[in-house]
Amino acid sequence: MSFSVEDTLRKVKSVIAEKLSVPEENIKAESTLKDLGADSLDIVEMIMTFEEVFGIEVKDEDAEKIKTVQEAVDYMHPLRKK
Amino acid sequence: MITGIGLATPVGKNSDECWNSVINGVSGIKNFSTEKNLGYPSPVAGLVGDVSEELSKILSLKEQRKTDRFINLALIAADEAIKDSGLSEKFPEQRDRFGAYVGVGIGGFEGMESASLGFEKKGYRAISPLLLTKVISNQAPAWLSMKFDLQGPTMAVVNACSSGNDAIGQAFRAIQDGHVDYMLAGGAESCVMPITFVGFGNMRALSSWKGDPKKASRPFDKNRTGFVLSEGSGFLLLEREYLARSRGAKIYAEIAGYGANSDAYHITAIHPDGVGAVKAIKNALAQAEIDGEKVGYVNAHGTATHMNDPAETRIIKKVFGKKPLVSSTKSMTGHMLGAAGGAEVAFTALSIKNGILPPTINLDEPDPECDLDYIPHSAREKKVDYAISNSFGFGGANSVILLKRYR
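Residue numbers (the working numbering), protein chains in the order written: chain A, 20 to 101; chain B, 2 to 408.
It is possible that part of the hints are untrue.
[Unchecked claim] Calculated pairs, DSS-like style, for lysine-lysine (alpha carbon to alpha carbon, straight line, at most 27 Å): (1) A:K30 / B:K63; (2) A:K53 / B:K148; (3) B:K122 / A:K47; (4) A:K30 / B:K67; (5) B:K122 / A:K53; (6) B:K123 / A:K30; (7) A:K78 / B:K148; (8) B:K283 / A:K53; (9) B:K58 / A:K86; (10) B:K148 / A:K30; (11) B:K122 / A:K100; (12) A:K86 / B:K67; (13) A:K100 / B:K123; (14) B:K67 / A:K84; (15) B:K58 / A:K101; (16) B:K63 / A:K84; (17) A:K78 / B:K63; (18) A:K53 / B:K63; (19) B:K123 / A:K101; (20) B:K283 / A:K47; (21) B:K283 / B:K295; (22) A:K30 / B:K283; (23) A:K78 / A:K30.
Keep in mind that the hints were calculated from the coordinates and are not lab data.
Keep in mind it's a predicted model, so treat the numbers as computed, not measured.
Starting from the given sequences, assemble the full structure and let the hints guide the process.
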């Protein structure tokens, strides 16, 4: 099964929009999660949701490196199982 | 001094609405049905209803997602109490002299229930890292401190149905002891949901009334069937006297005494002789250095359980004889558990301030063991100088707040 990067980006944006209650159009690839209003607990919660949405597992040490929307997409896209 | 009041209860979403309802004998009890009632025979309850409009003025959508409903109700009533006091226009500069004590009987059961159901199905991935901070009781005072920048002491007071009274009593003592000058104090509760509903029901404490839900809560009536579970929030703004006077604040009433103790007797039942409760009332009177005969009104715990109402009647008679007028506003609001004391002390303060005593509705045929004047059916105009509000909690907690008219 293959997924387009655009689809991954769309799903990442939709999770962020829901968890942080920000409009999707405000979420750019280069936006940092912090600038979008996430604190450390929000980030943990979003990562857990990404794991479920994409059927993947994100190691804690990798999760710490994800700062922007683009970095989230780059890390998770190749691992996607769903 | 009580200089602000905020309320969100089954009879209104702000203090004006609630007060108008209770002095007009309006019941807030409705049919409560969910598919998960599991065949419970008498689905009636008191709910505050949709508060999204009130809430949107205080919390962002993101913040709303992080807070259980009891925290939301606490914020709505506390926000009203601060605005009502006039302090929001010129907030005290010394933030560490301003704290918040919040009575919570049960806490965030709603969030816990849905998390448990998710955990059962999906395991650890179903549990949000934001779960615990959404449901634990102290997050109500924590959110008050964050939203209103209160840097004084904050604490959840967890003492079953007397939680709200005890939060107010402890806040009163904190001001008296000199630690703080201003306190938000009251209670918040929201756990009208299948497991609590059926839990209280199986305990045989909950009303089994069949018929018009507005008649379900019947304190002191011969045909009462138990208490009606409800949700809500009630807060007072307590302020040191000279500060309230120097800014010309409106003063509802003064807290003149607080008595609290325990029965050391049973997990749910009040002691049949009410030894502890009698002493708690006497301690509140002693603190104010007054005789019982000065007390003109008792806002009763008045739950409408078989056990409470005759026992409370005996307690009141032991201290005061038959003189004071008594009523149970729970006949209209239902029992808001940890929030009950907060709302009822607020009602008692409004009774003193306005010279109107709320009725006990649905008291059609008094229980022969309940032989006081409970102000049946309709409110009564009467000026009283002193009034008490009783709260008794599961586990034997007795808590009494004595209020005095401010001259």
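Here is what the structure says about each hint:
1. Our distance criterion of 27 Å between C-alpha atoms is met by K30 of chain A and K63 of chain B, whose separation comes to about 19 Å.
2. Taking the CA atoms of K53 of chain A and K148 of chain B, the gap is near 21 Å; set against the 27 Å cutoff, the hint holds.
3. Proximity of K122 of chain B to K47 of chain A is assessed by CA-CA distance (about 35 Å); at most 27 Å being required, the pair is judged violated.
4. A distance of roughly 22 Å separates the Cα atoms of K30 of chain A and K67 of chain B; the hinted pair therefore holds under the 27 Å criterion.
5. Taken as a hint, the K122 of chain B and K53 of chain A pair is broken in the structure, with Cα atoms around 32 Å apart against an allowance of 27 Å.
6. Simply put, K123 of chain B and K30 of chain A have alpha-carbon atoms about 21 Å apart, close enough for the 27 Å limit, and the pair holds.
7. Taking the CA atoms of K78 of chain A and K148 of chain B, the gap is about 35 Å. The hint is violated against a cut of 27 Å.
8. For the suggested pair K283 of chain B and K53 of chain A, the alpha carbons sit about 56 Å apart, so the restraint of at most 27 Å is broken.
9. At roughly 31 Å between alpha-carbon atoms, K58 of chain B and K86 of chain A are farther apart than 27 Å, so this suggested pair is violated.
10. With a CA separation close to 32 Å, the supplied pair K148 of chain B and K30 of chain A exceeds the 27 Å bound.
11. Of the pairs offered as hints, the one joining K122 of chain B and K100 of chain A holds, with about 21 Å between alpha carbons and a cut-off of 27 Å not exceeded.
12. Of the pairs offered as hints, the one joining K86 of chain A and K67 of chain B holds, with about 22 Å between alpha carbons and a cut-off of 27 Å not exceeded.
13. As the CA atoms of K100 of chain A and K123 of chain B are separated by approximately 18 Å, the hinted pair is consistent with the 27 Å bound.
14. Proposed proximity of K67 of chain B and K84 of chain A is supported: the alpha carbons are some 25 Å apart, at most 27 Å.
15. Pair hint K58 of chain B plus K101 of chain A does not hold up; C-alpha atoms about 39 Å apart against a cutoff of 27 Å.
16. The hinted pair formed by K63 of chain B and K84 of chain A meets the criterion: a straight-line CA distance of about 24 Å does not exceed 27 Å.
17. With a C-alpha separation of about 26 Å, the suggested pairing of K78 of chain A with K63 of chain B holds against the 27 Å cut-off.
18. For the given pair, K53 of chain A sits about 14 Å from K63 of chain B by alpha-carbon distance, which is consistent with the 27 Å threshold.
19. A hinted pair counts as satisfied when its Cα atoms are at most 27 Å apart, and K123 of chain B with K101 of chain A qualifies at roughly 17 Å.
20. Only pairs whose Cα atoms come within 27 Å are accepted, and K283 of chain B paired with K47 of chain A is rejected, the gap being roughly 66 Å.
21. For the hint linking K283 of chain B to K295 of chain B, the alpha-carbon distance of about 13 Å falls within 27 Å, and the restraint holds.
22. Distance hint between K30 of chain A and K283 of chain B is unfulfilled; the C-alpha atoms sit about 65 Å from each other, more than 27 Å.
23. Simply put, K78 of chain A and K30 of chain A have alpha-carbon atoms about 20 Å apart, close enough for the 27 Å limit, and the pair holds.
Of the numbered hints listed earlier, those contradicted by the structure are 3, 5, 7, 8, 9, 10, 15, 20, 22.
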